[in-house]
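Listed here are the chains, written in short residue letters.
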Amino acid sequence: MASPALQSLLATLAASHVEVIVVGGLAAVAQGAPITTHDLDIVPRRTAENIARLVAVLLDLDARYRGHADVKRPTEAILIGKGHSLLMTSSGPLDVLGEIEGQRDYDVLLPDTIEIQIGGNPIRVLKLETIVAIKRQSKHPKDQRMLPVLEAALKGTPR
Amino acid sequence: MEERPEVDETLIAAFLAMTPEERIRQNDRTLAMIEELRDGIARAAEFARDAGSKPR
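Each protein sequence line maps, in turn, to chains A and B.
Residue numbers for the first sequence follow my numbering, so the first one is 1 and each next one is one higher.
Residue numbers for the second sequence follow my numbering, so the first one is 160 and each next one is one higher.
Rather than coming from a laboratory, the hints here were simulated on the basis of the structure.
Since the structure is predicted, the reported quantities are computational estimates derived from the model, not experimental observations.
By construction, the Cβ of each residue, glycine as well, lies at the ideal position given by its N, Cα and C atoms.
Among these hints, one or two may not hold up.
[As the list claims (entries may be wrong)] To give a feel for the contact side, a few chain A residues facing chain B, derived at Cβ under 10 Å: (1) Val22; (2) Ala30; (3) Gly92; (4) Thr130; (5) Gln137.
[To be verified] Quick look at which bits of chain B chain A covers, simulated, 3 or more residues with Cβ under 8 Å: (6) 171-182; (7) 187-193; (8) 198-211.
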């Protein structure tokens with residue numbers, strides 16, 4: 001396994017056998033949506049063992065909360081919860097989401113994912129059709145603005 | 160635990176704190192992850208076609 005600094009965040013998570021679902025902008029872009037995004041959004045499986053693996057990876061990546069003047073590190077006690085942790089790591093920004101819109105956590109989202117391999121290790125990505133369905137239900141102006149683009153990508157044949 | 164804001168000002172601040180070179184490196188990292196995901200999804204679809212089923 002390459003050092004975390006040389007691997008992508010995704011490859012590091014996959015190589016460390018952390019069970020996560022990639023959601024949000026990167027998942028949509030990877031399935032053909034013509035939008036821009038700058039961070040990785042993941043929903044981890046919230047078991048004690050998986051969260052312990054996730055925290056170990058995050059500490060290796062020097063993860064700390066964005067927007068805090070003092071250095072605040074993610075902990076198992078925080079990440080086992082349903083909330084959102086907005087982090088900066090040595091491999092870039094990472095949002096760890098206990099659950100997303102409509103109280104959807106890892107187990108709820110799991111049937112609507114695609115399992116892919118990164119570096120020979122499995123990782124799951126939320127299907128574009130589910131991303132669109134979630135955005136349709138969302139009342140957030142940002143989601144509503146993005147919806148026409150995502151719906152067009154879903155109808156079209158992304159190259 | 161923090162709720163997600165409509166506009167993520169922490170992300171804007173993080174990018175503003177970077178040098179131009181660091182921002183370019185971060186864009187490269189994001190692009191690499193998109194390529195990893197796209198390749199993985201394409202391979203999963205190909206595997207599913209070969210197996211005569213939908214992607215798992």
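Here is how each hint holds up against the structure:
Hint status for Val22/A: holds, given a least beta-carbon distance of 7 Å to chain B, under 10 Å. A least Cβ separation of about 3 Å between Ala30/A and chain B falls short of the 10 Å threshold, and the interface hint therefore holds. Taken as an interface hint, Gly92/A checks out: its beta carbon lies about 5 Å from the nearest beta carbon of chain B, inside 10 Å. A distance limit of 10 Å between C-beta atoms decides the matter here; for Thr130/A the minimum to chain B is near 13 Å, and the interface restraint is violated.
With a least beta-carbon distance of about 16 Å to chain B, the hint placing Gln137/A at the interface is violated under the 10 Å criterion. Coverage of the stretch 171-182 of chain B by chain A holds [criterion: at least 3 residues with CB-CB distance below 8 Å; count 3]. With 5 residues carrying a beta carbon less than 8 Å from a beta carbon of chain A, the stretch 187-193 of chain B meets the three-residue requirement, and the given coverage holds. Under a criterion of three residues with beta carbons nearer than 8 Å to beta carbons of chain A, the stated coverage of the stretch 198-211 of chain B is upheld, 4 such residues being counted.
The structure fails to meet hints 4, 5 from the earlier list, while all remaining hints are met.
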